[in-house]
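*Asks:* Line by line, the protein sequences give chains P and A.
Residue numbers for the first sequence follow our numbering, beginning at 7 and rising by one.
Residue numbers for the second sequence follow our numbering, beginning at 164 and rising by one.
Treat the hints with care, since some could be wrong.
Here are some chain P residues pointing at chain A (derived, C-beta under 8 Å) [said to hold, decoys possible]:
#1 G44
#2 T55
#3 L66
#4 N84
#5 D85
#6 L169
#7 R173
Keep in mind the hints are simulated off the structure, nothing from the lab.
Where is the CB? At the ideal position from N, CA and C, for every residue including glycine.
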Amino acid sequence: MQTTLQNKEDNRKQVISLVFLICSIVIGFFFTLDQGYGYIEKKDTLDATKKEVIEKKTMLEVLQNTTKNIENSVELQNDIARYGSEFREDAIIDSIFTPINGVNIANISMSKGEKTPNGLSLANISLLLKAQDRATLGNYLNYLTSSETNKKSYIIKSLNFPLDTTRDTPISVNLELSMYYFE
Amino acid sequence: MKTTESVELEQETEDKKSTPNTFFILSTTLFAIICAVSIFLFFENMSLNASIDANKNEIATYVSSINKIKSDKKVIAAELVTNNKSSILASIQMSDAQKYIDEVLTISRKYKLIFSGFSYANGKINTSAVSIPETVLFGDDGVKKVSNLVRDYRTGTGLLFNLSPVLSISGYEQKRAFSLEFNVAGVK
């Protein structure tokens, strides 16, 4: 009697064990595994979004600082006007046709140029001018490239004139300039 | 006193009893672990989803603020100018033609050569030169000045220009003509 009862109990336990095992396999395969993969994926996504948050935050801070600097720094305002302003013919003409004694500009032609790898564009300006002597030409070239009184700064691309080292006479000069601007 | 047979029988009965028990314990434990892990992952994923959504919202807010600021052209220009100021200044400084004219005049005075014409482009300076000897005595050839100039450029250091090869000289001993091409040092 005892043995029969014991056998029944054992069978019942075996059936329950089997059910648990099957349930474990089914849940494990269809749910836990899926949740596990999802967990790994979400962890990666979370890391990526955290990184992006930091990047965007830093970028925003930099831009906010730049905005503040533009408002407060005269030097930056001058630099923007000098190298990063828009292409404006009137501003170029005002800058180039400055009253310097002994320099007469005959012709000027200008064109917008291509965008450079640094993000700014380079305009082309050609000049034909007459300088009364070499020193005057020198003053004018300095004015174009590095004068504080000039609101623009130009790069001298090419310069041709009939130099004569035996005398210092009036000279006609062909000058090609480049100018950074932002578009 | 138990016989050996009875002991073996008892052992067999014990084994039969313990096998279903072990199986039961193992399967229930496994089930419990699977359930616990599943529940943990489920809630953890929910929490991760919430964090991801929060981060995405934060990014969207930042992007919107960035776009707003970037719509002002001046800010972009300021960024570009600030980031590239040193290279812009270097390119302007490198094109300082006034310095190159002064250097050519210095060379002319130093070697007592007559230069005519000045052309500057892409870091190269071209000019034509005439060399006249100091005296009209026999054997005093203008080519000596040319030779001095070339020697100094071939052996000198720290000069503003590099001299391109001077491969032809024309004329006669009282008047030697040749072309000069200088490359501004540091410009490729």
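*Asks:* Please go over all the hints and tell whether each is borne out by the structure.
*Replies:* Taking the hints in turn, this is what the structure says about them:
no.: 1; hint: G44; in the structure: 5 Å, holds
no.: 2; hint: T55; in the structure: 4 Å, holds
no.: 3; hint: L66; in the structure: 5 Å, holds
no.: 4; hint: N84; in the structure: 10 Å, violated
no.: 5; hint: D85; in the structure: 5 Å, holds
no.: 6; hint: L169; in the structure: 4 Å, holds
no.: 7; hint: R173; in the structure: 10 Å, violated
Of the numbered hints stated above, those contradicted by the structure are hints 4, 7, listed in ascending order.
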